[in-house]
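J.: Here's the letter readout for the chains.
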Amino acid sequence: MEVCTGEVVVIIGPSGSGKSTLLRCVCGLEKLDKGTIYVDGQRVANTLTLRGKVGMVFQDLHTFPHMSVLDNISLGPRLVKKFPKAKAERIANELLELVDLKDKRKAYPGELSGGQRQRVAIARSLAMGPKLMLFDEITSALDRELVMDVLQLMKKLAEEGMTMLVVTHELWFAANVAHRVVFFDEGRIVEEGPPGEIFSSPREKRTRSFIGEISMPTMINPSEGR
Amino acid sequence: MYTFHWGVLLPYMGTFARGLEMTFKVSIIAELFSLAVGLVAGIAATSKNPAIFAISRAYIEAFRAIPLLVGLIWIYYGVSIVTGIEFTAFTAGILGLGLNYGAYLAEVFRAGLQAIPKGQAESALTLGLTRAQVLTRIVLPQAVRIIIPPLGNSYVSMLKDCTLVSVLGITELFRVGQTIVANNFRPFEIYTFIALVYLVLTIGFSRGLRIVETRIAIKQ
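Residue numbers (this note's numbering), protein chains in the order written: chain A, 1 to 226; chain B, 1 to 220.
Hints in this document: simulated from the structure, not taken from any laboratory. Possibly wrong hints are sitting among the right ones.
[Said to hold, decoys possible] Computed list of lysine-lysine pairs in DSS-like fashion (alpha-carbon distance at most 25 Å, straight line): (1) A:K102 x B:K219; (2) A:K104 x B:K219; (3) A:K81 x B:K118; (4) A:K31 x B:K219; (5) B:K48 x A:K31; (6) A:K34 x B:K219; (7) B:K48 x A:K53; (8) A:K104 x A:K31.
Please build the complete structure, drawing on both the sequences and the hints.
T.: Right under this line is the structure:
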């Protein structure tokens with residue numbers, strides 16, 4: 001499997017099909033049994049050699065609760081890239097603008113909503129200037145009304161040309177933002193193609209039944225109903 | 001009806017002060033020793049290496065099972081018989097208290113470290129932080145906030161359990177009291193006074209601890 005620069009690939013599939021494991025391998029958190037992964041020409045060995053080149057956002061809200069929003073985001077540039085405090089905070093402030101949380105820079109994660117915390121987590125990864133962003137069902141733990149803010153931010157990132165590998169059950173995102181949808185089952189790619197093709201005329205029976213299960217109505221853009 | 005004569009305490013105030021000094025000396029050194037032992041054993045108890053894990057568990061289980069007084073007596077009298085190594089009463093007291101409390105604190109450290117979700121460390125790793133940075137910047141600062149209250153409470157217990165080293169002949173506050181009683185036969189005044197000293201110390205320390213806890217609490 002290959003992902004081109006600037007491409008947005010959405011991975012769908014039943015739970016336990018290996019979607020998360022794939023992302024964890026790409027960002028260096030898992031040891032590979034066999035095979036190799038390259039990101040931007042560099043072979044993925046572990047998180048240390050990647051130095052933030054691959055950004056990862058998890059389903060659970062893993063902002064650092066003992067640090068302010070600003071410190072959460074500037075931590076990577078300061079500790080890993082050894083940037084001086086002022087430079088790291090300038091990067092963080094720019095990203096806070098991007099994720100629309102400028103007024104929360106001094107707040108602590110515990111004072112934020114789930115959606116805001118996920119946006120902080122995204123900004124924190126972006127601060128390392130990643131070549132590739134991985135999103136592992138990052139809206140699954142959020143209340144319904146907060147999901148759209150996060151999805152809109154991901155859409156904005158995609159439009160700015162970020163290369164993204166996204167595991168999600170949000171079919172709106174898959175249908176409207178993804179360049180390619182990959183259907184995973186039992187650790188293998190069953191089928192892949194442009195979202196229109198995968199959703200309207202899947203070739204494989206397993207793909208068809210899975211898409212039927214996660215129901216089409218959610219493909220309607222929820223923001224239109226606002 | 002017994003009539004208290006508090007005046008009988010006055011001539012012994014200097015002696016009490018020296019006893020209290022010894023109580024602090026023993027309790028602080030033993031507490032620091034138990035912190036060091038507890039931290040090492042606690043981190044070891046989260047180890048994936050089976051040998052390190054087994055050693056740590058064996059220590060924790062053994063020293064939590066042995067009553068403190070038995071441990072003290074055994075270290076002071078027993079160890080020299082078995083190994084020939086003779087400890088001074090002070091060293092034996094520190095070892096007995098420290099190893100006993102270390103086993104308890106190991107569990108506190110272990111629980112504190114394991115209470116921090118794995119995703120916290122993983123998020124930090126994907127930013128490119130080293131394992132040492134993850135431990136010192138992400139995991140320990142959060143764990144400390146969980147660990148501080150039981151650590152403080154352990155020192156309150158330590159202050160009180162220091163009375164036990166009197167059986168080794170260490171002249172801490174309680175032992176001093178016993179000696180004075182043997183001289184002036186005023187046990188009520190002496191032991192009441194000692195009890196009050198402990199009351200003031202432990203309540204004062206607990207209050208101080210509450211203030212520290214509120215100071216370091218994570219904003220919600």
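J.: Taking the hints in turn, state whether each one holds.
T.: These are the hints, each one checked on the structure:
| no. | hint | result |
| --- | --- | --- |
| 1 | A:K102 x B:K219 | holds (19 Å) |
| 2 | A:K104 x B:K219 | holds (13 Å) |
| 3 | A:K81 x B:K118 | holds (24 Å) |
| 4 | A:K31 x B:K219 | violated (36 Å) |
| 5 | B:K48 x A:K31 | holds (16 Å) |
| 6 | A:K34 x B:K219 | violated (44 Å) |
| 7 | B:K48 x A:K53 | violated (29 Å) |
| 8 | A:K104 x A:K31 | violated (37 Å) |
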